[in-house]
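Sequences and hints are given; from them, build the entire structure.
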Amino acid sequence: MADAAVLPETAAVAWRPRVDDARLREAGRRWTGTSLFHAVGFGLTGVLLLVLSPWTFPLALIFFAHAWAIPELYANRGAKVLRPGRRTEPAPERIALGLLGDLVGHDARDLLERTGLVLERGRLGAWLVGPVGAVLVRPGARRLHCFCVLVPDPALPTGDRVAHLLLALREDEVGFATVANGAFSGAPWRLRRRLPRRARPGLDAAVTAARSGVG
Amino acid sequence: MAKLIRMDQTGHTTLATWTAEDAPAAEAATRALREQLDLGYYAVVTRGEGHAQQITALPADADTVILRRPIAGG
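Taken in order, these protein sequences are the chains called A and B.
Take 0 as the starting number for the first sequence in numbering that gives the first Met the number 0 and just add one per residue.
Take 0 as the starting number for the second sequence in numbering that gives the first Met the number 0 and just add one per residue.
Read the hints as simulated data drawn from the structure, not as lab findings.
Just to be clear, a hint being listed does not mean it is correct.
Now the stretches of chain B that chain A is said to cover, found in silico as 3 or more residues with beta-carbon under 8 Å [said to hold, decoys possible]:
| no. | stretch |
| --- | --- |
| 1 | 1-8 |
| 2 | 49-56 |
| 3 | 59-73 |
Computed far set for chain A versus chain B, every beta-carbon distance over 10 Å [said to hold, decoys possible]:
| no. | residue |
| --- | --- |
| 4 | His37 |
| 5 | Ala38 |
| 6 | Gly40 |
| 7 | Leu43 |
| 8 | Leu51 |
| 9 | Ser52 |
| 10 | Ile61 |
| 11 | Pro83 |
| 12 | Arg93 |
| 13 | Gly97 |
| 14 | Asp109 |
| 15 | Arg120 |
| 16 | Ala154 |
| 17 | Ala167 |
| 18 | Arg192 |
Using C-beta positions, here's what the derived DEER-type ranges look like [stated by the list, open to error]:
| no. | chain 1 | residue 1 | chain 2 | residue 2 | range |
| --- | --- | --- | --- | --- | --- |
| 19 | A | Thr9 | B | Arg33 | 21 to 29 Å |
| 20 | A | Pro153 | B | Lys2 | 24 to 32 Å |
| 21 | A | Ala68 | B | Ala27 | 38 to 46 Å |
| 22 | B | Thr63 | A | Val39 | 52 to 60 Å |
| 23 | B | Gly73 | A | Arg24 | 18 to 26 Å |
| 24 | A | Arg197 | B | Glu20 | 45 to 53 Å |
| 25 | B | Thr63 | A | Phe36 | 43 to 51 Å |
| 26 | B | Lys2 | A | Trp14 | 35 to 43 Å |
| 27 | B | Thr63 | A | Trp14 | 30 to 38 Å |
| 28 | A | Gly100 | B | Arg33 | 25 to 33 Å |
| 29 | B | Arg33 | A | Pro200 | 30 to 38 Å |
| 30 | A | Arg122 | B | Lys2 | 40 to 48 Å |
This structure is a prediction, so every number in the text was calculated from the model and none was measured.
Think of the CB as a built atom: it goes at the ideal place given N, C-alpha and C, for glycine as much as any other residue.
Here it is, written out as structure tokens:
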């Protein structure tokens with residue numbers, strides 16, 4: 000038996016350094032900096048315009064709208080990693096869901112039935128895995144990272160798509176985070192309000208797991 | 000009885016079943032595994048909750064070997 004502690008898919012992104020706590024913190028700081036840059040930059044420009052002349056009010060409004068909308072668009076991009084994904088025929092979906100249910104514990108199975116998402120505790124934090132991506136809530140739950148990652152076979156049932164990601168995550172958590180593309184990082188509340196209603200209990204469970212300690 | 004299953008469009012397909020005592024069945028399962036690995040699948044066994052291990056040969060102690068496709072950043 001050949002053991003492979005490193006996810007083989009990392010070979011396809013060999014230029015990327017393997018993710019670790021420091022790199023996640025750095026990525027989080029970059030996301031916060033970018034959001035602040037847009038919000039503060041556009042907001043101050045709007046204020047400056049109003050100070051210069053109240054007649055610039057319409058233009059200032061456009062700047063204020065940008066200051067609000069751009070961070071929201073970032074969060075919306077993050078929320079898309081937990082979208083349900085395209086469903087196939089009912090029978091394969093049922094079979095795939097059965098296999099996925101066998102892979103997870105009782106609590107995670109209950110959450111899976113309610114949200115279509117799987118909660119997985121890891122060393123980096125609490126993971127919430129969906130068919131087209133995953134969210135990592137860091138220990139303490141002050142920040143999360145959204146990752147776009149999927150199995151590139153559109154014919155697979157939704158449950159199998161989640162199972163693919165779950166197995167890869169369990170093989171090599173760090174490799175999984177390295178292969179995945181970062182889509183957003185920020186506070187959980189920023190993501191939660193952009194999520195479909197059905198997915199919110201999943202994020203709540205991941206936040207609770209991250210607060211209570213993982214690993 | 001151990002089984003080799005592949006996640007596919009049908010949900011999953013059982014490609015082989017075997018026991019340690021049934022050498023021909025184990026050989027057939029090994030051949031099936033090799034074929035799928037050659038097709039680009041990865042074989043994984045779960046090792047308790049939260050752990051999985053990629054394998055390239057049938058382990059003696061596994062109940063289920065799951066074949067999965069490679070993942071990629073979206």
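key: Structure-inconsistent hints, enumerated in ascending order   = Those not satisfied are hints 12, 13, 15, 16, 17, 21, 29 and 30.
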